[in-house]
Every structure is written in C-alpha cells, then in structure tokens.
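Chains as they are written, first to last, in the numbering used here: chain A, 13 to 374; chain B, 13 to 374.
Just so you know, same-sequence chains aren't split out, so a pair can sit in one copy or run between any two.
When the alpha-carbon atoms are kept at most 25 Å apart in a straight line, the in silico DSS-like pairs for lysine-lysine are as follows:
| # | residue 1 | residue 2 |
| --- | --- | --- |
| 1 | Lys190 | Lys57 |
| 2 | Lys284 | Lys308 |
| 3 | Lys365 | Lys220 |
| 4 | Lys271 | Lys230 |
| 5 | Lys284 | Lys271 |
| 6 | Lys230 | Lys365 |
| 7 | Lys108 | Lys72 |
Think of the hints as simulated: they come from the structure by calculation, not from any bench.
What follows is each chain in one-letter form.
Protein chains: 2
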Amino acid sequence: MAESPTTTIRFGILGCADIARKVSRAITLSPNSTLHAIGSRSIDKARSYAKSNNFHPSTKVYGSYDEVLNDPDVDAVYVPLPTSLHLHWAVRAAEKKKHILVEKPPALNVKELDVILNACDTNGVQFMDGTMWMHHPRTQMMADFLADTQRFGQLKAVQSAFTFAVDHDFLQNDIRVKPDLDGLGALGDAGWYCIRACLWAANYELPKFVTALRNPTKNDAGVLLSCDASLHWEDGKVATFNCSFLSNLTMDLTAIGTKGTLHLNDFIIPYKEAEASYSTVSEAGFTDMDLEWNQKPSEHIVSTDIPQEVRMVKEFSALVDGIKRGLAPVKKWPMLSRKTQIVIDAVIASIDKGFEPVEVID
Amino acid sequence: MAESPTTTIRFGILGCADIARKVSRAITLSPNSTLHAIGSRSIDKARSYAKSNNFHPSTKVYGSYDEVLNDPDVDAVYVPLPTSLHLHWAVRAAEKKKHILVEKPPALNVKELDVILNACDTNGVQFMDGTMWMHHPRTQMMADFLADTQRFGQLKAVQSAFTFAVDHDFLQNDIRVKPDLDGLGALGDAGWYCIRACLWAANYELPKFVTALRNPTKNDAGVLLSCDASLHWEDGKVATFNCSFLSNLTMDLTAIGTKGTLHLNDFIIPYKEAEASYSTVSEAGFTDMDLEWNQKPSEHIVSTDIPQEVRMVKEFSALVDGIKRGLAPVKKWPMLSRKTQIVIDAVIASIDKGFEPVEVID
Numbered sequence: 013m014a015e016s017p018t019t020t021i022r023f024g025i026l027g028c029a030d031i032a033r034k035v036s037r038a039i040t041l042s043p044n045s046t047l048h049a050i051g052s053r054s055i056d057k058a059r060s061y062a063k064s065n066n067f068h069p070s071t072k073v074y075g076s077y078d079e080v081l082n083d084p085d086v087d088a089v090y091v092p093l094p095t096s097l098h099l100h101w102a103v104r105a106a107e108k109k110k111h112i113l114v115e116k117p118p119a120l121n122v123k124e125l126d127v128i129l130n131a132c133d134t135n136g137v138q139f140m141d142g143t144m145w146m147h148h149p150r151t152q153m154m155a156d157f158l159a160d161t162q163r164f165g166q167l168k169a170v171q172s173a174f175t176f177a178v179d180h181d182f183l184q185n186d187i188r189v190k191p192d193l194d195g196l197g198a199l200g201d202a203g204w205y206c207i208r209a210c211l212w213a214a215n216y217e218l219p220k221f222v223t224a225l226r227n228p229t230k231n232d233a234g235v236l237l238s239c240d241a242s243l244h245w246e247d248g249k250v251a252t253f254n255c256s257f258l259s260n261l262t263m264d265l266t267a268i269g270t271k272g273t274l275h276l277n278d279f280i281i282p283y284k285e286a287e288a289s290y291s292t293v294s295e296a297g298f299t300d301m302d303l304e305w306n307q308k309p310s311e312h313i314v315s316t317d318i319p320q321e322v323r324m325v326k327e328f329s330a331l332v333d334g335i336k337r338g339l340a341p342v343k344k345w346p347m348l349s350r351k352t353q354i355v356i357d358a359v360i361a362s363i364d365k366g367f368e369p370v371e372v373i374d
Numbered sequence: 013m014a015e016s017p018t019t020t021i022r023f024g025i026l027g028c029a030d031i032a033r034k035v036s037r038a039i040t041l042s043p044n045s046t047l048h049a050i051g052s053r054s055i056d057k058a059r060s061y062a063k064s065n066n067f068h069p070s071t072k073v074y075g076s077y078d079e080v081l082n083d084p085d086v087d088a089v090y091v092p093l094p095t096s097l098h099l100h101w102a103v104r105a106a107e108k109k110k111h112i113l114v115e116k117p118p119a120l121n122v123k124e125l126d127v128i129l130n131a132c133d134t135n136g137v138q139f140m141d142g143t144m145w146m147h148h149p150r151t152q153m154m155a156d157f158l159a160d161t162q163r164f165g166q167l168k169a170v171q172s173a174f175t176f177a178v179d180h181d182f183l184q185n186d187i188r189v190k191p192d193l194d195g196l197g198a199l200g201d202a203g204w205y206c207i208r209a210c211l212w213a214a215n216y217e218l219p220k221f222v223t224a225l226r227n228p229t230k231n232d233a234g235v236l237l238s239c240d241a242s243l244h245w246e247d248g249k250v251a252t253f254n255c256s257f258l259s260n261l262t263m264d265l266t267a268i269g270t271k272g273t274l275h276l277n278d279f280i281i282p283y284k285e286a287e288a289s290y291s292t293v294s295e296a297g298f299t300d301m302d303l304e305w306n307q308k309p310s311e312h313i314v315s316t317d318i319p320q321e322v323r324m325v326k327e328f329s330a331l332v333d334g335i336k337r338g339l340a341p342v343k344k345w346p347m348l349s350r351k352t353q354i355v356i357d358a359v360i361a362s363i364d365k366g367f368e369p370v371e372v373i374d
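Next up, chain A with everything else stripped away, as it sits in the complex:
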C-alpha cells in the first residue's frame, strides 16, 4: 500500500449500542483517530444517537451498516453489534478492507472467530477486540510484577470474579440474555474478562483442560446468567472464576505465585479514570509467634492522563497507520481474542458434557 500522508484513522461505527457511546468518545479523544461515520438499520435512530451523543456535525450518518462499509473514507470499523451478528459484519468489513475493532466476545465460538480472522488475514486488515483493561498502563506494570521471578516467582493460582447486578428490564430485554443475539450470556460478557485475566496471568499459555463448575444459572431460554469454571494448566496451576449478572458489581483479580501475590478489585474498569492502583506483596510471612504479618502489601498507584479505552483506540489506530505505511497487521491481538474464545468454548463444552473436564486444544 502507498504511504498515507495522514496518521488520523477514520472510524465508522456499526450500530447504536450503549457501549459505543464510550468508544465513540474514545475515538474522539484519541489523537490519531476521528469519528467519521455511524450507521444503523434506522437512519432516524442513527441521527438521534449522533445528536444525543454530541457527535461532530461532520460525522456521516447512515441508515445501514453497508453504507458505512462502502464509504471509501472509512479506514476502520468499530463493531458493537450483538455477538451473533459479528461473523457476518466483521467478514463483510474485512472484505471491504476495513480494519476491525470488535466488541467482546468477538464471536459465538472459535469456529466463527476463525472465519473472521481468516477474512482479516486475507484482506490484510488489523483485528482487535474491545477488552479495554489490556491497554491500561497498570496492566503492563502488573505483568512486570508477575514476570519477576524474585518478587512473584511462578504462578500457582488465580481467582477472578466479574459480577454485576442487572435489573428486571435487563433480564427481560437485554441482548445479553437472548439466545439468538448474545447466546453466551454472562460467560461471554462478564466471563470473557475473567478468562482473559487468567490467560494474561499465565502469560497466555492455554490451560490443559477446563471444567465448568456445577449448577450454573440459566434463564428460561437457556442463556447463562451466572457460572463458575476452573482452568487447569499442565504444571498444576489452577485458576477459578465466577461471572454473573445476578450479584453486586465485583471485579476481582488475585494471582498467587510461589513468592508473591497480586491483588486488585477493579481490574476491568478502574474505580477512578485518572488514577488506578494494585497491590503486591512478596515473600510475606509472620512476626514471631505468628502474631501479625511481617509486612503489609504495597499499594501501587498508577496515574493516567489517557483513559484505557482511549489508549485502546490509539493503539489500534497506530497499528492501522502502520499497515497503511506498509507494515503487516499485528498478530498479538487476534491471538489473544482466539485464546480467550477457545477457553469460552471449553467452558460451554464442559457444561454440555455434564461438567466433565474438557481438553483445551489450540
């Protein structure tokens, strides 16, 4: 491809999802991107959405997703559609040479995801899912701690939870409880983050097998409202997670190593936008007679002038710019999506097999 004189990546958004309010703000705030277009199946809905979210008057408003994809000025699309529509629209976007930032879960299963990723490969476009916390500077600092054989040692256990209490309307009407829209329910929505966190803590090594814990909660249509699972690695380390639409907002991640422990309780969305923290402790023990600890964990504060979702858009846009300048798409992001989706598939398979362990195959 020819070098582009501009480094500003022009985004089109497919659909008027609530999460697109946050990401459209991020596209606007990111220095290397701009919101070029939004499309909805209803032009009226798109107009109303653009107005109520104060989109710049120059933002194109389309009455179909195809018009967004056919706009030659759109470099990349953000796809916050229901998961069941990702396959169709992501492939179509890739065929139109649009780079793809897609909400999680990126697909209903890894088979569908592979069709999307193959389309991205074939068409030379960048793929990234919308797991924002991966882009917070805190995440890299915590990864440095986990990689430190002196301070953390070898990972032995992970415990994670992502729960939030939805209301009656959500349980009746949200796309995340509809089998034909987001059929993965709480596992695809909340569990996605826990699974990504477990993989992240394990330096992205896939577990050997996965077991769903018994008695998940499903709605009448069979969609998961809450579930637990355990991930088991070859070397014996174990991760467990709890995800739910039915409990108070909780976002826990604990990683326990042979020499250190990492704790945080807001790993997906930090308590505060401008300042996040995490806690570490290394080689903890007791004072004489085990009366008290020999140290308290250290709280590490990470100030952030750029919110994590803006960093995500900035990173994605920089990769797109690189591709425009002749670089290849970066494989890391589709790889992370794919590994997470593989584990999602294994949890579903374990539930379907009566909670038997399911081997994880890459």
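Start from chain A and add chain B according to the hints.
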C-alpha cells in the same frame, strides 16, 4: 457442680508445639485464665520449652500428658498435638472432666470428631477448636454486613484462599506433611480456614454438595500439599477455595451478595495485631458511559486492644466458668467444628472418587 469462688480457669497444655507459644501467651494475657501446667513426653523438652517461653516459675512441668490430665487443679487443656493424636487425648481429657480447646483440624474425620464430641457431651465439658479469627471483633462486624439485606442482600458467591510458602525442611519434616500425623495436609491446616470462612459467610448452612477440583498436589506419601474445591448450596450459591503450602502467604476472603461485596486479604491473622480492616461496597455501579465506578469500597478499621487469640481464650474460659457455675456447655463451638469437618471429609471423598461431587450429609 458447686459454684467456684474463682473465675480464673487453669490451663494445661499437652505438648510443646510451636503454636502453643502463641496460645500460652494468650492464656497468660487473658484476664480469666492462667497457665497452670505443660506436659511433654520428654520432661527435658517441657522444661526447656517452659524456660525459653518465659512461663511463670509456678507453672507445673510434667513429663507426660497423663500427668497434666491427672492434675486436679487443671480445669481445661489446650491440645496442639498432631491431628492423629487428638482422638485419644481429647477423649481421655474429657473423661478426666477437662474442658478442651483443641487445635484445628480437631480430628482426621467427622467419625473421629463425633467420638470426641460424644465424650465431651457425656462428661459435660466445653469443646472449642482453635480457629482464632472467629473471635476477632472484625468478624462480628463483617457478619453484621453479610446479614444486612439492604447492604449485602443474599449471598451468591465466596472466593477464599489460604496459602503459604513452606521451606524445604517443612516439606521433609513438618508433622503437616506426614500421613500418620496430620494426614489431611494443606486441606486440614490451611483449607480448614477457607472452609470455615465459606460456612461462616453462608450463616453456617451446610452446602448440598462439594467437589474437589482436579489435580491437587500431593507429596510422595500422598499428603495434600495444595488443593482447590467448590461448595455448592441448594439455592445455587457457590464457594471456591484454594489452599496450599506452596504459594506465597495469601489469606483472601471475598463474599459477593446480590447487593454488596465484602473483601479482606488477612482474614485469618490480621496484618497488624492492634488494628484490622475490611472493605465493603453496596449497590456499586458506574458513572455515565461506564467511565469509572460510582463509588469506591469503604475501608472499615477495627481497633483491638485484645488480640483475637486472647479473645478466644477469654471466651472459652468464660464458658468453662459458666459450666463451673452450673450452666451447660455451649453447643455453638462443637457445631462449627463439626460442620467444617464434614466439608473436609466431603473434599477428601471427592478426591477419592475422582473429583465427582459428594453430597454433604449432616
């Protein structure tokens, strides 16, 4: 029994365990108890132990456990012997009408424990296990939070971990890795606390079934060095825990309700003796566009002039004093020991049955 003019309970200690250093200090610090005697199979060891721990010169030093039990001035015994010896010595102590404070786990299984508890019943003596954190004032404050239907709602999930990294000598020589001494290994030692915490959070309702997670770590003699398990209640709530001798010191307890969440990372031994804390959050949510949380969890600080193990001894001694004054032994404490032991048994049974779920029967 006749009323006793004294309210000071005279303790005898069976054996020179390391943990007895902490409890003998607690017996001395508690206003209603005194350390009357210590016995060891070796009189020299007992003398040396009494000296190095600055026991009052009036403390009787015996060269056998039986001499402690035969001392008519001993009201109560503290039993920190290896678990496999609890059955014999606790029953013998009860037969000698000594009240019993026993280290956890109180027995190798509930069948043995029931023999001990029957002996206590028959002889009218108080039984209590040495789970110190139950007696911290923080514990009652946290229980009040969990019982609050407005602030916490209904319990949905518990995650707990108690791990500590032992050294080479421990892995070779400690009684907790010896099948004939503390055959329950990390489950009986560390897992005991996690299970008690799960039961405590569930208001001591026993789970319907328990499943051990796959691939626990055992030593060559078959003793558990680390394991995970899940507890499942009738109403669908789930607790998971991780216990280990092979990871950095970690003491986590998270309870997630429909409306609130409780967090603490030092539930067994507080970071500091004089001041402990815990964190709660109720009806947490996000600000507009999910940019950040609408609140941070609240940290609650609990000052303690009396350490939890001193409170334990004080509570136990007060119950013994009550019995001396004609009251009946309090059933709460043996009930808590028994429920915890029932779950321990179920975890072991699940491991033995290839990680199948094991029904919990009271």
